[in-house]
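Generate the whole structure from the sequences, applying the supplied hints.
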Amino acid sequence: MIAKLDELRSRALGELDSIDTSSGLEAWRIRYLGRKSALTEVLRGLATLPLEEKRATGAAANELRTFLEKTLTLKEEAIRESEIARSIEQGQLDVTLPGRPSALGRLHPTTKLLRHICDIFMAMGFEVIEGPDVEWDYYNFEALNIPQDHPARDMWDTLWMDFETEDGRQPMLLRTHTSPMQIRVMESRRPPVRVIVPGKVYRYEATDATHEAMFYQIEGFAVDKNITLADLKGTLFEFAKRLFGEERKARFRCDYFPFVEPGVEMAIDCFLCNGAGCQLCSGSGWIEILGAGMVHPDVLRRVDYDPDVYTGFAFGLGLERMLMLKYGIDDIRLFYSNDLRFLRQF
Amino acid sequence: MKVSLKWLEDYVNLSLPTRELAEKLTMAGSEVATIEVIGENWEGISIGQVTALEKHPDADRLLLATIDLGEESITVVTGAPNLEEGQKVPFARVGAQLIDGHTGELVKLKPAKIRGIRSEGMACSEKELGISDRHEGIMILPPEAPVGMPLFQYMGDTILDLSITPNRPDCLSVIGIAREAAALTIQATHIPDISYEEQGAPIEDLVSVEIADPDLCSRYCASLVTDVKIGPSPQWMQQRLLACGMRPISNIVDITNYVMLEYGQPLHAFDYQQVKGKKVIVRRGKDNESLFTLDGIERALNTDMLVIADETDPIALAGVMGGADSEVIDPTTSILLESANFYGGSIRRTSMRLNLRSEASSRFEKGISPELAPIALRRATQLLIELAGGKAAKGIVDVYPGRMTREPITLSRERIGRILGVEFDIERIREVLSSLGLSSELAGVSGNLSVAVPYWRTDINLADDLIEEIARIIGYDEIPTTMLHGEIPERLPAPLLSLRETVRDILVGCGMQEVITYSQTSQAMLDRIDPQHKLGPALRIANPMSLEQEYLRTSLRASLLACFAANERHKQEDIRLFEVGKVYLPRGNDLPEERETLAGILGGLRCDHSWLSEEDTLDFFDAKGVLETLFSRLRADASFKPVEDQNLAPGRTAEVIVDGQKVGVLGEVHPRTAALFDISSQPVILFEVDLEKLLSLAGAELRYQPIPRFPEIARDLALVVDADIAASKLQDIIRSFSLVSQVTLFDVYSGDKVPKGKKSLAFSVRYQSPQRTLTDEEVNRTQQEIIERLQRESGATLRS
Ligand SMILES: [Zn+2]
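From first to last, the protein sequence lines are chains A and B.
Heads up: the first sequence at position 330 corresponds to 1355 in the working numbering, and the numbers run straight through without jumps.
Heads up: the second sequence at position 343 corresponds to 1226 in the working numbering, and the numbers run straight through without jumps.
Any given hint could turn out to be false.
[Unchecked claim] In silico lysine to any residue, SDA-like type, Cα no more than 25 angstroms apart, as pairs:
1) B:1112 - B:1028
2) A:1266 - B:1368
3) B:889 - B:916
4) A:1250 - B:1305
5) B:907 - A:1304
6) B:1524 - B:1610
7) A:1029 - A:1071
8) A:1250 - B:1346
By construction, these hints were calculated from the structure, which means they are not laboratory data.
Spelled out as structure tokens, the structure:
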């Protein structure tokens, strides 16, 4: 009997050697360790053997079973490893082939910057409000200290709507700036107010690389007790840093807008030459980015805010100019001609 | 406003380098746009005197000129027609740089040999020196020009080109800029003496002035100068005018221009002989009147225009342009000189109406001080006597119906602090004010100043105006930097804005590119979208820059179609664009309704050429998928129903319905519409959604739904129905069963394997209950009920 077991062992090992697939291994398992295998039969037949032989044969058979099971496990592992190796060997990719394209959508660069700027001011407690593109002369000019025949009207070449009142006036226009919303907001709210107004504005202007008939502005204003020009400086300098980088310097110079007093223009030091003077900053080292000032007392009075109690600041900036500076774009007309070759760069 | 530094130096000592001065002026509000140096390239050019002039031995039309340059004499060949012995001329030695009279380029002078005679230099024209365009003859210098002096030293100059803001008409003058420079460098100005000898008869005997419309003319001053001799003005005056961008004309006209540039007060010289009745009337024009202005154009007048008239006719458009009949020309010997103050608004209206913006009108319209009129008049009269040899009548005419006294302004230190956020020492404030000619006194209450404003500062009327003066002279760098510290105001919700931004993000997530197009459109574009004018009219712009931008759009369609076409021309192969923007719907006498609208357009390849996928074109269902994603993200339950639309193809168009209301439309662009826009892709799909309508419907509050705890059972359902039955109808029926948790249409087939006129639709139906595990029997029973209902309501049969 023992000899039979030895023969079984060498046969099993011999067969196992040539097996190299999981399926072959499974057949081998059934043949040598399955319910109908010779080994199982030996174990099953033990009962009929005389005691002495039963003990010896039983020990040998069990030892053989354990041995075959262990060998099987080792072989299983070896086969799995070799199968993985084979599949890796066969399944190599040319990883330099292009990926499967997914449709890529993008926001217009104007929208992106608009959001960025709104976020900066919202973090300072400003609220975003929008207003109409088509406005009355009153809001666009008169209420902002720019009455009929005022020479400052030259600062805003205006597109007038074909709309006449009975007395022959033409009071409807495409807003030339976002400032009319100063009046509209203050008319409907009591201070304190802290508002920014993004939106399209329009000019009667021949277009060229730096002039557009339609562009975006962001207006901002804050009115409360105790708001000063120092607060305006703080707010706008902080804005400039968040938009153009912590290392940017900013400055105010005197400028004129009829609805603020004092009026200023803000410039940042040129980020191309760091103030040394180059073509971008026309040699001055500074780049003008926005106009601002303290809300004129007559404007406050017009919306029934007492200028002896309340003060405020206002500012307005052109969006496309920021984009042009930020990305080195040399033609403003690119923005609204919507060439995908342009838009897909952002 | 161009200012010559040499001229400026007449009134203020320029202690700073030019760059620094320009920087200070800029910071204080008068931006220096450019700094131009006249004579920058004049090395090697100096003043010479013509000592001898002989005929060229071999050429009739050439001369040999001997030029004394002080240290040496040089003989050169010249063809200039205007040289005479004794004249002083600019002379360029070989190596000097001159502007080529023909090409306009700067070239280095080389020795020349003309008809055998060598020239080691040349006398120059104004053009060659870059002073003006004159090139007919050599520039002749005044007799007192010192021989041998470098030309740059004699007449070089630096010109600042300043942008003057409209509130500062006083700075539209050299003296005005001198005052700024003086204040910024803490010095005094030297204003010229304006006295002159009055030799003639009393002026009242010679001319009378009447202001018929004092609301349009607050002051009218005039002087009379007889026995003048018209001729060119002196070289120095011509140079200064040229430097400031004005063309010299004659001594009389040049003097009026010179004084205008010097003081900022426009003047006008009339030929006294042409003033009928020796009477000047300042009045409104009459409707049937006309006037030939100096430019030779006949101008129709009206009652809105202010004119200067004599006894019978208008002789000038007040403050805008003189009349041709009273123009000062050669035989003129007596000059009636006007220096007046006209109402800016009227001048502005008239000059704009006639499209005649002049140096004079641009000053008047900004509101110059009436106090300036007699001062400038006397200065000009003085120059007339000096430079045109005239005799002045005794006195001046001065009619001043608009006299106003200006009260001092009270300025409190408290207000300065409230506006600027910083306190300044009172003495420092007074020093700053005084440097600008503003005298101040300490008034009553502590810290209050009473400030008297000089006549030329018409822009200062309030305490805050004075505060700006303080800030700009001290410099904004001295203002501290603080952050807003008050309470943050309450915010109102802005649902439309958040919806709009969400929509943008969702569409970008769907692979769409955002565009922003012009709000303005053309009649042609409107017609392409609405050929039969079924929609209401668009708002028209009265003064469009071009016909391309004459109307405000009433839909986004044309913008997107045009945008699509343009990108197609640029060889873009997959185009998916959207815009969220306003359309403008007229509302009679009110401002138009501005409605936020979404529109999208898709066409071309579904994805870029790829080795991974077959080439395939975008179609209706790509666009529909985008809209379905959008509405699902907005939690709006949208359904689609066939509809007709004039721009979209019949049978390939659906309206989008949310809560029973139409919120938009989706469809293939009608081939006729596509052709109008020169679009060649096929198909192109367009969609449009009214965001304001959607706002009121979308966005059911988000509530968490428990994740189902019991297993689902899936069954397929293949049906055959008439080809015209909408898939959504079957889907709706299936979905209406409460045990059905999800229905997915996974196959649509019409062809040989189904009867003609039929189609097969295959749905995958998932059954699930939130309360219990469903049994096969329950599911089978429900599926049977579904089949029966489908059969009843849509004639569907199970596909065998
Ligand atoms: Zn630079």
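For each hint, the structure was consulted:
Between residue 1112 (chain B) and residue 1028 (chain B) the alpha-carbon distance is near 24 angstroms, which keeps this suggested pair within the 25 angstroms criterion. Taking the CA atoms of residue 1266 (chain A) and residue 1368 (chain B), the gap is near 19 angstroms; set against the 25 angstroms cutoff, the hint holds. Restraint check: the Cα-Cα separation between residue 889 (chain B) and residue 916 (chain B) comes to about 18 angstroms, which is no more than 25 angstroms; the hinted pair holds. For the given pair, residue 1250 (chain A) sits about 16 angstroms from residue 1305 (chain B) by alpha-carbon distance, which is consistent with the 25 angstroms threshold.
For the proposed pair residue 907 (chain B) and residue 1304 (chain A), the alpha carbon gap of about 21 angstroms is at most 25 angstroms, so the pair holds. Of the pairs offered as hints, the one joining residue 1524 (chain B) and residue 1610 (chain B) holds, with about 11 angstroms between alpha carbons and a cut-off of 25 angstroms not exceeded. Taking the CA atoms of residue 1029 (chain A) and residue 1071 (chain A), the gap is near 14 angstroms; set against the 25 angstroms cutoff, the hint holds. Proximity of residue 1250 (chain A) to residue 1346 (chain B) is assessed by CA-CA distance (about 18 angstroms); at most 25 angstroms being required, the pair is judged to hold.
Going through the hint list in order, the structure satisfies each hint without exception.
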